[in-house]
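Asks: Here's the letter readout for the chains.
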Amino acid sequence: MNAVKQIPGLRVSPEFWRGMYDSLPVLLGVIPFGITYGVVGLAVGLTPGETLLMSLLVFAGAAQFICTSMIGLGIVDFSLIVFTTLLINLRHLLMGASLTPFVGGLPLRRQALLAFGMADETYAVTMDHIQKSGYNESYQLGSNSAGYAIWSLSTLAGIFLGRYIPDPLAWGLDFAMPATFLAMLIPRLANRISVIVCLVAAVVAVLSALYLPGKWYIIIACIGGSLIGGLLEGDEQNAA
Amino acid sequence: MRLEMLGIIVGMAVVTFLTRFGAQALFRQIGLPAWFDRWLKHVPTGILTALIVPPLLLPRGTLDLTMGNDYLLAGLLAALIAYQFRNTALTMVLGLTTVVLLRWLAV
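As they're listed, the protein sequences go chains D and G.
For reference, each letter of the first sequence is one residue, going 1 to 240 in the working numbering.
For reference, each letter of the second sequence is one residue, going 1001 to 1107 in the working numbering.
Accuracy of the hints is not assured; some may be wrong.
Distance ranges between label pairs, derived from CB positions [stated by the list, open to error]:
#, chain 1, residue 1, chain 2, residue 2, range
1, G, Ala1034, D, Ala43, 20 to 26 angstroms
2, G, Glu1004, D, Pro101, 21 to 27 angstroms
3, D, Tyr135, G, Thr1066, 41 to 47 angstroms
4, G, Arg1060, D, Gln237, 14 to 20 angstroms
Computed list of chain D residues with no C-beta within reach of chain G, every gap over 12 angstroms [as the list claims (entries may be wrong)]:
#, residue
5, Ser13
6, Tyr21
7, Gln64
8, Thr84
9, Tyr123
10, Pro178
11, Arg188
12, Val203
13, Gly225
Rather than coming from a laboratory, the hints here were simulated on the basis of the structure.
C-beta: ideal position from N, C-alpha, C; glycine also.
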């Protein structure tokens, strides 16, 4: 325990609580998914321990949903499930890369710990904070911790209370995610290039969501939009 | 806990961590090229857009641009609120209230 306390910069700071607090609005939308995952896990024949362990170790909603569905279909094949998980989570590579300028200087273990807790929601909250007040390690750790706690606790709720709860995804709580992300996106559209990035990503996202399976639309739309942003910026720098 | 399932879960955990940390681990070794940095700057905008737009326009997997699409109506309102007040919690609460109200009114 002493070793943990002696890691500088990891003491609980006000920024840690701030990161937790700022994450609550978007994480409200995670609760119905966590509950539903808990219910689905048991329904496909996982034990309560296996269902919870997956949330604790993998901590990636979309991958957990799709892989438990595969298990439900009788596809209990290590390489197939692990490969599917890899494909679903490829978007993390881009998100992780875009955090590099801020976390690249941290000691390896702390950087790895922060990477473990990076999900769509905690990434968005952290990036929003960076844009407003700059990067803070404790803040990101706080956001990640809140995401991890809510995902684990709502999985537990699904496992033990699921049969008493009517379909959580019908409540409308899932709208907390796009609503919160809208509030984070709009301040970013302050210049021409960002607006173009957003429009390109929107069109590509809709087209690929229509015609491609699973979550491919996220990574394709993000690559399309951000690549064009980078190219336009390069042009402007060359012209200047 | 079955050994086979434990193996699958650990395998999923390892590759998921690799996607989260892999790019950063690589850049620790080779540094971040400038052109790549210009690209990565726009990743948050791209990711946010990709996470927002399909749930609003395709709530059931097909394009739904009608007044019957609660998520689209609430999304437009949330965008206005976000633009006007620049407040994440307020946008979430009012947007969520709109969805719940529209759903109740429709029932």
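Asks: Now look at each hint and say whether the structure bears it out.
Replies: Going down the list of hints, with the structure as the test:
1. Range check, G:Ala1034 to D:Ala43: Cβ separation about 50 angstroms, and the 20 to 26 angstroms hint is violated.
2. Between G:Glu1004 and D:Pro101 the C-beta distance comes to about 41 angstroms, which lies outside the given range of 21 to 27 angstroms.
3. Roughly 42 angstroms separates the CB atoms of D:Tyr135 and G:Thr1066, a value that falls within the hinted 41 to 47 angstroms.
4. Restraint check, G:Arg1060 to D:Gln237: a C-beta distance of roughly 43 angstroms breaks the suggested window 14 to 20 angstroms.
5. At roughly 21 angstroms, the least C-beta separation between D:Ser13 and chain G is larger than 12 angstroms, which holds for a residue marked as non-interface.
6. Non-interface status of D:Tyr21 relative to chain G is broken: a Cβ of that chain comes within 12 angstroms, the nearest being about 10 angstroms off.
7. The non-interface label for D:Gln64 is inconsistent with chain G: the shortest C-beta to C-beta separation is roughly 8 angstroms, within 12 angstroms.
8. Interface exclusion of D:Thr84 from chain G breaks down, the closest Cβ pair being 9 angstroms apart, not more than 12 angstroms.
9. Under the 12 angstroms C-beta cut-off, the non-interface status given to D:Tyr123 relative to chain G is violated; the minimum distance is some 7 angstroms.
10. Not every CB of chain G is more than 12 angstroms from the CB of D:Pro178 (nearest about 5 angstroms), against its label as outside the interface.
11. At roughly 5 angstroms from the closest C-beta of chain G, the C-beta of D:Arg188 falls inside 12 angstroms, breaking its exclusion from the interface.
12. Distance to chain G contradicts D:Val203 as a non-interface residue, since its nearest Cβ pair spans about 9 angstroms, not more than 12 angstroms.
13. Not every CB of chain G is more than 12 angstroms from the CB of D:Gly225 (nearest about 4 angstroms), against its label as outside the interface.
The structure fails to meet hints 1, 2, 4, 6, 7, 8, 9, 10, 11, 12, 13 from the earlier list, while all remaining hints are met.
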